[in-house]
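**Student:** Once you have looked at the hints, place chains L, A and G on chain W.
Chains as they are written, first to last, in full-length UniProt numbering: chain W, 1 to 306; chain L, 1 to 306; chain A, 1 to 306; chain G, 1 to 306.
Please keep in mind that the hints were generated in silico from the structure rather than gathered at the bench.
Please read all numbers here as calculations on a predicted model, not as lab measurements.
Glycine included, each C-beta is placed from N, C-alpha and C at the ideal position.
Among the clues, some could well be false.
Said to hold, decoys possible - Straight-line C-alpha distance at most 20 Å; calculated DMTMM-like pairs for lysine to aspartate or glutamate: (1) A:K283 with A:E293; (2) G:K99 with G:E71; (3) A:K283 with L:D265; (4) W:K99 with W:D145; (5) W:K99 with W:E121; (6) W:K99 with L:E136; (7) A:K99 with A:D38; (8) W:K99 with W:E71; (9) L:K283 with A:D265; (10) L:K99 with L:E161; (11) L:K99 with L:E118; (12) G:K99 with G:D145; (13) L:K99 with W:E136; (14) G:K283 with W:D265; (15) G:K99 with A:E136; (16) A:K99 with G:E136; (17) W:K283 with W:E293; (18) A:K99 with A:E118; (19) W:K283 with W:D265; (20) A:K99 with A:E136; (21) W:K283 with G:D265; (22) L:K99 with L:E136.
To be verified - Cβ-to-Cβ under 10 Å is the rule here; a few derived chain W residues that face chain L: (23) P29; (24) T62; (25) T174.
As the list claims (entries may be wrong) - DEER-style ranges, computed between Cβ atoms: (26) W:G277 with L:P23: 20 to 30 Å; (27) A:G183 with G:E71: 50 to 60 Å; (28) G:T292 with W:G277: 31 to 41 Å; (29) W:G141 with A:Q305: 48 to 58 Å; (30) A:Q305 with G:T292: 53 to 63 Å; (31) L:D288 with G:L278: 31 to 41 Å; (32) L:R236 with W:T20: 21 to 31 Å; (33) G:E118 with A:K99: 28 to 38 Å; (34) W:Q305 with G:L278: 27 to 37 Å; (35) W:Q42 with G:G190: 45 to 55 Å; (36) G:E71 with L:T292: 52 to 62 Å; (37) A:G141 with W:R300: 53 to 63 Å; (38) G:G190 with A:A35: 46 to 56 Å; (39) A:T279 with L:F199: 28 to 38 Å.
Number of protein chains: 4
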Amino acid sequence: MPRLAYLGPEGTFTEEALRTLAPDAERLPCANVSAALDAARQGEADGAVVPLENSIEGGIATTLDELAWGEPLLIVAELLLPVEFSLLVRPGTRMRDIKRIFTHPAAITQCRGFTARELPEAVVVAAPSTAAAAQEVALPGSPYDAAIAARIAGDNYGLVELVANVGDRSDTVTRFIQVTRPGVLPAPTGADRTSLVAFLSDDHPGALLEMLTEFSVRGVNLSRIESRPTGDGIGRYFFHFDLEGHVTDARVGEAVSGLHRVSSDVRFLGSYPRADGLTPQVKRGTSDSDFTEAADWLARVRAGQV
Amino acid sequence: MPRLAYLGPEGTFTEEALRTLAPDAERLPCANVSAALDAARQGEADGAVVPLENSIEGGIATTLDELAWGEPLLIVAELLLPVEFSLLVRPGTRMRDIKRIFTHPAAITQCRGFTARELPEAVVVAAPSTAAAAQEVALPGSPYDAAIAARIAGDNYGLVELVANVGDRSDTVTRFIQVTRPGVLPAPTGADRTSLVAFLSDDHPGALLEMLTEFSVRGVNLSRIESRPTGDGIGRYFFHFDLEGHVTDARVGEAVSGLHRVSSDVRFLGSYPRADGLTPQVKRGTSDSDFTEAADWLARVRAGQV
Amino acid sequence: MPRLAYLGPEGTFTEEALRTLAPDAERLPCANVSAALDAARQGEADGAVVPLENSIEGGIATTLDELAWGEPLLIVAELLLPVEFSLLVRPGTRMRDIKRIFTHPAAITQCRGFTARELPEAVVVAAPSTAAAAQEVALPGSPYDAAIAARIAGDNYGLVELVANVGDRSDTVTRFIQVTRPGVLPAPTGADRTSLVAFLSDDHPGALLEMLTEFSVRGVNLSRIESRPTGDGIGRYFFHFDLEGHVTDARVGEAVSGLHRVSSDVRFLGSYPRADGLTPQVKRGTSDSDFTEAADWLARVRAGQV
Amino acid sequence: MPRLAYLGPEGTFTEEALRTLAPDAERLPCANVSAALDAARQGEADGAVVPLENSIEGGIATTLDELAWGEPLLIVAELLLPVEFSLLVRPGTRMRDIKRIFTHPAAITQCRGFTARELPEAVVVAAPSTAAAAQEVALPGSPYDAAIAARIAGDNYGLVELVANVGDRSDTVTRFIQVTRPGVLPAPTGADRTSLVAFLSDDHPGALLEMLTEFSVRGVNLSRIESRPTGDGIGRYFFHFDLEGHVTDARVGEAVSGLHRVSSDVRFLGSYPRADGLTPQVKRGTSDSDFTEAADWLARVRAGQV
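Isolated chain W, as found in the complex (with noise of 0.2 Å):
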């Protein structure tokens, strides 16, 4: 039975989808995304759970930063979940007895028209997770009154729904990825995607007009990019890439490649299953047998077998 370390404590929507990433898998909740990627780098569990991207607040930096940064791991699957908030409070508590709000800014944000048409006196403060605002609040002489998080943490630490559904939107989803130390990579499914970061090799002009173009002109599509800083100083980025298709991709191949040589660095993230199944659309002359054909035919040109 695999070990899973993910975001917790327990009652975290990561939890949720380590659950359906891995029914089977015993869990280790830890404080942070660091602390649970730690936990599969330094082989206390064989695997982590973490969120990496909202529909509704971008990158989890933190694990954007530890992909690209950190000992390396490899993504092996992915989960889209939809995320819903309830206000949770301790039994007894009722709304106008709520004066601070404890929860995570991306709760913050996303709940924010609920707040000010229901709680417009209270004050909503920062917590380090949903779960971790939960597990505060069930603690007597907490100087919060309410939690916003998922209804599960609300049943795991003895708090209960006061409002359901307190987001501002019902179709926020927030992907989630499941990594391992680096080994062997999942084999592809016909309908995957690949994540890498590309450090630019100087910071001309063009530099990541240059990027794309190693992949446009391989036909491989890109289906996100993120740009965050290096940290030495405004102006200086690097760039997450999600792309579609496998590394063993002949196509994908070539076009990592391609970006390896205009980069100073690339680090390959992990070739795995999309959550949605889609099947990329191959355009003309870039399958594997468009790509053997034509690596044949230079072997023969070079052979001088015109």
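**Tutor:** The following block gives chains L, A and G in isolation, referenced to the frame of chain W:
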């Protein structure tokens, strides 16, 4: 005397930025970025100063999203400010007393080395801003023992600086912007930056490459690109662009017009002097006089004078 | 009644083209393409009709170079004409009498199958035009026994058609153009073509790619590109381009202005109705109304109205 | 001693090129370019020397089309030869006797200034080659009074040089190539050229831009591009490309493989030392070692070793 709203309370890095950008302005501290921008929008203030990005943390999501989705505002100035963190406590607190630290999530990340080394047992809790953390720690009965914030915040709220420069890097910089309600653009200085937001016309592969080509073909360099989710599900993004040059430059005008044609929407955020004073390298064929000459030639051609 | 010069003598395919393009025109036969164009330039004629390219032979070098280097002329119409070759002889000549054939080099190539099969022993000599060949063969004491030319040339000079359709392909087409001195451009019809010549600014690698990008980024399709030597040594070229659309179209105007900016010189050769009447597919964001809308938006932005 | 066919008869510029390229070769003069290439194809000769392009006239259509459509041959060497024209006559002929001049159409164009100035009344008739013109003029009873050709042609056929250097420019250069039947490629020298022909997969707008991008993205510079009609009607072209580098260079190999994938057909014409000895500038990330390093990295990534 202009009145400028800012991300308060007193003692934030944003206040320091405001004092540098507009030393004579009356200062109106606001609870968060949205409130500061709303004060400018609704006329309570003549403008606002807010952080836009940080060399470690990247873009400030709230600022980016407010500029993209909220009532339009114009960026009229920018400032780069080195950021130095201090460990601030109530008088009498010693290192060994510190069990719970309160600070902004950006500071949590940027001071992780210090806290892990010097205060390995302490719990670090996320606050809405570093100055708000100082304010909270200063309250009698606060559950927190220390704040990580600017020294000025300690001065404002009666805390003492126990350790200076607790950030892991000494070169962290935050970029602040000053915005006003739409009106007259700052005049071009020869060393300007233009900011805008573009929404994809549809999510076809190559749409970003198409956008970047609109810039590169007119010799307009990007100094920053940042993707943000549209909120309509994973895989739907829009883009923040910072360009070298002023929108009254011919090459910038044609490039952003081209972007407007191929995008579903473009929002102009402003043209303003660059904080670093760098003048752009003008590519052959893209100066204002090249554009004027080409326009004259086209007029003659269309009149049949070849 | 307009007077049009053409590549004579009477009986050339060019005469046939002229009769179709301008049935009522007075016809002025000239010894070669240069003479016909000079007649138009110097006012001896109101215009000229000359061949531009052939579906087998490619561009007619003299025409291409005259348009690029000579006194400027405007293309105002084009025509596609099927080309059929006949073997023409003096009355009484039989196949077995034919030892020397006279014809234009293009016809030599295009009738090579026929001559190799039916007249393997005959010598084929190059003539300045097919009609000139017929004229020469018709002379008493001509060293040539047969001409390959249009049937009409035989009629004009008293030759008989010994064999019809001696071309190797039955679908050969020649494209003719009508030119005038610079003046008013033909009005756009919605199915137009624009011709121009561009000289590289310097011979840097990627200069052609740069030129083509000026077209593609504005959605302007090329229907023809032909390189020609500048005469300044091997490896120095300039380019003839045919574009879909009229120079008064916004996208064409901006594209050729862009070309003008990045080239050392651009010569406009004309915008005129396409012989095939095909209307171009207009790419999203490149219609005239898209350009107008973008220009209006830019004007508002520059006025600070965002 | 190798036996090389060439465009004869004796006295052509091609013979001079052959003597320079292969001083010890046995020379086999042929009636035209096609015959010379056929001699090489069918084993009557070990190879052939023919002109490929001229700095005034551009590509030699017959050579370009023979290489593209005929039985495959390999280019193994090239030579740049200055071309000087002489006015050649039978002994005793004076300037005022010259009524009819015979020469190749290229020489007609290149000596137009001289003939218009010095022999304005003379008729100039097209010959299959300059040497053939000299041969014809030398015949007793020739209808022609003078030939324009290389001085060597006069020597060969008993003509005298009445005027030297009658070309309008003194810097005209012709590029000749030596071809053989397919076999071993010339070894790379570091200053090589690669020639090939590519047919569009379909005639979509942007197809040429797509082809050029295959080169530019791998840092492969084009030294020549020439469009030729496919013969299937106006507006259908294929392309001759000359590239800097040898097909055994990694960047050239990947670029031509890419071209092969996106084209309906590519014919390799050879990799051979450049006549000018120039070594190409290698763009960052496109050296052979960059390709090897990237391939090694890809192999590791595919094995899960990140």
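**Student:** Take the hints in turn and mark each one as holding or not.
**Tutor:** Evaluated hints:
no., hint, result
1, A:K283 with A:E293, "holds, 16 Å"
2, G:K99 with G:E71, "violated, 43 Å"
3, A:K283 with L:D265, "holds, 17 Å"
4, W:K99 with W:D145, "holds, 6 Å"
5, W:K99 with W:E121, "holds, 7 Å"
6, W:K99 with L:E136, "holds, 15 Å"
7, A:K99 with A:D38, "violated, 37 Å"
8, W:K99 with W:E71, "violated, 43 Å"
9, L:K283 with A:D265, "holds, 17 Å"
10, L:K99 with L:E161, "holds, 17 Å"
11, L:K99 with L:E118, "holds, 12 Å"
12, G:K99 with G:D145, "holds, 6 Å"
13, L:K99 with W:E136, "holds, 15 Å"
14, G:K283 with W:D265, "holds, 17 Å"
15, G:K99 with A:E136, "holds, 15 Å"
16, A:K99 with G:E136, "holds, 15 Å"
17, W:K283 with W:E293, "holds, 16 Å"
18, A:K99 with A:E118, "holds, 12 Å"
19, W:K283 with W:D265, "violated, 28 Å"
20, A:K99 with A:E136, "holds, 15 Å"
21, W:K283 with G:D265, "holds, 17 Å"
22, L:K99 with L:E136, "holds, 15 Å"
23, P29, "violated, 16 Å"
24, T62, "holds, 7 Å"
25, T174, "holds, 8 Å"
26, W:G277 with L:P23: 20 to 30 Å, "violated, 59 Å"
27, A:G183 with G:E71: 50 to 60 Å, "holds, 52 Å"
28, G:T292 with W:G277: 31 to 41 Å, "holds, 37 Å"
29, W:G141 with A:Q305: 48 to 58 Å, "holds, 55 Å"
30, A:Q305 with G:T292: 53 to 63 Å, "holds, 56 Å"
31, L:D288 with G:L278: 31 to 41 Å, "holds, 37 Å"
32, L:R236 with W:T20: 21 to 31 Å, "holds, 23 Å"
33, G:E118 with A:K99: 28 to 38 Å, "holds, 34 Å"
34, W:Q305 with G:L278: 27 to 37 Å, "holds, 29 Å"
35, W:Q42 with G:G190: 45 to 55 Å, "holds, 50 Å"
36, G:E71 with L:T292: 52 to 62 Å, "holds, 56 Å"
37, A:G141 with W:R300: 53 to 63 Å, "holds, 58 Å"
38, G:G190 with A:A35: 46 to 56 Å, "holds, 50 Å"
39, A:T279 with L:F199: 28 to 38 Å, "holds, 30 Å"
Violated hints for the displayed structure, listed by number in ascending order: 2, 7, 8, 19, 23, 26.
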